[in-house]
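Protein chains: 2
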Amino acid sequence: MHSFSPVIETLISELMKLPTIGRKSAERLAFHLLKSNPKQAEALAKAILDVKHRIIFCSQCFNATETDPCAICANPERDHTVICVVEDPLNVLAIEKAGIYNGLYHVLQGRLSPLRGVTPEDLRIKELIARLSGAQIKEVIIATNPDLDGDTTALYLSKVLKPLSVTISRIGLGIPMGGSLEYVDEGTLKKALEGRKQL
Amino acid sequence: MHSFSPVIETLISELMKLPTIGRKSAERLAFHLLKSNPKQAEALAKAILDVKHRIIFCSQCFNATETDPCAICANPERDHTVICVVEDPLNVLAIEKAGIYNGLYHVLQGRLSPLRGVTPEDLRIKELIARLSGAQIKEVIIATNPDLDGDTTALYLSKVLKPLSVTISRIGLGIPMGGSLEYVDEGTLKKALEGRKQL
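Here the protein sequences come in this chain order: A and B.
Under the working numbering, the first residue of the first sequence carries the number 62, and numbering increases by one thereafter.
Under the working numbering, the first residue of the second sequence carries the number 62, and numbering increases by one thereafter.
Bear in mind the hints are in silico, worked out from the structure with no lab data behind them.
Be aware that a few hints might be false.
The list treats identical chains as interchangeable, and a pair is accepted whether it falls inside one copy or across any two copies.
[Claimed, not checked] In the DSS-like style, the derived pairs of lysine-lysine whose C-alpha atoms are separated by at most 30 Å in a straight line are:
hint: 1; residue 1: K107; residue 2: K199
hint: 2; residue 1: K252; residue 2: K158
hint: 3; residue 1: K187; residue 2: K100
hint: 4; residue 1: K85; residue 2: K252
hint: 5; residue 1: K96; residue 2: K113
hint: 6; residue 1: K100; residue 2: K220
hint: 7; residue 1: K107; residue 2: K252
hint: 8; residue 1: K78; residue 2: K251
hint: 9; residue 1: K223; residue 2: K107
hint: 10; residue 1: K78; residue 2: K96
hint: 11; residue 1: K96; residue 2: K258
These numbers were taken from a predicted model, which means no experiment stands behind them.
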């Protein structure tokens, strides 16, 4: 017996398909589930299936939701003239939690990554263009992550959206609040200097 | 909407019950499952349930198994006079993989930890004593992990097993093969010096 029983091996290999979970972590998780209360394991299995069966993507903004359109798109009190473009639903939550934005969103469901073969066709860019062409949108705020792929995506979007008569902006990049010049990387410092504001 | 839909929140909170998974990791895993192929999510849910429904613990050594007794206890070619005591099934696999041991095992299913309220009654110590009292066991090798709780467990076991007429040993502690004196911690160096062998 140089390996676990096939039932455990199957669970380990399924867990290893999840991001950031390697062999050792998968083994630990599998044995935790094995030792845990059966109710806990069943609740987890059910939660996984529920997410797959009950969560859909909003047909307008492509955020994860149980209703279509989602609560944000359906809310008449939000500003329907501004769209904030983000990579995934986690980013929507991050902005919503800050409570500083009252417009709509557009979830790309990924970022351009030529190295990993993610092309514009894989993202919800067509759908974004369609939303802008038809309606009363005045501004598009591109809030992809400030890293190589996120910047590439922002650059691509700014090019394809330029012909449309909307204001296009990118979220501000620079030193985070509470951050320290000393510990900030060079790329961030460069962006902070470029983005300086006159007082 | 300052949080995800309840279905997603349920999955996140179930994932957070797993060891080493915090809120951020749980969110990432949940959204990975949400985006993944439905078959992958279903396979994971099924694997979790299968482990709970089909894996039992061997009534002799308490290793995880599909059959009782397990393949190791039932193997007549193994040495039934030696028992190696380990904390959990992952340790059994580690020793089996090395292919250097042909005796039996006894899985404690944990380690003593006064701080976390794990007492001797929570471990399979009673069952170990019963195995030693009845049968032809000549040696018990204590292979709990060499850390605070593992050492406490080893010390406790050596005390309670002493009255029984079996040889009790502890796996060797010292510098690992390929290790470097320079990078080894003081505790390990101390154990290595104490465990020195005359040439």
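The hints, checked one at a time:
no. : hint           : verdict
1   : K107 with K199 : neither (43 Å within a copy, 48 Å between copies)
2   : K252 with K158 : within (25 Å within a copy, 51 Å between copies)
3   : K187 with K100 : between (44 Å within a copy, 27 Å between copies)
4   : K85 with K252  : between (39 Å within a copy, 27 Å between copies)
5   : K96 with K113  : both (26 Å within a copy, 9 Å between copies)
6   : K100 with K220 : neither (52 Å within a copy, 37 Å between copies)
7   : K107 with K252 : neither (45 Å within a copy, 48 Å between copies)
8   : K78 with K251  : neither (38 Å within a copy, 41 Å between copies)
9   : K223 with K107 : neither (45 Å within a copy, 48 Å between copies)
10  : K78 with K96   : both (22 Å within a copy, 13 Å between copies)
11  : K96 with K258  : neither (57 Å within a copy, 40 Å between copies)
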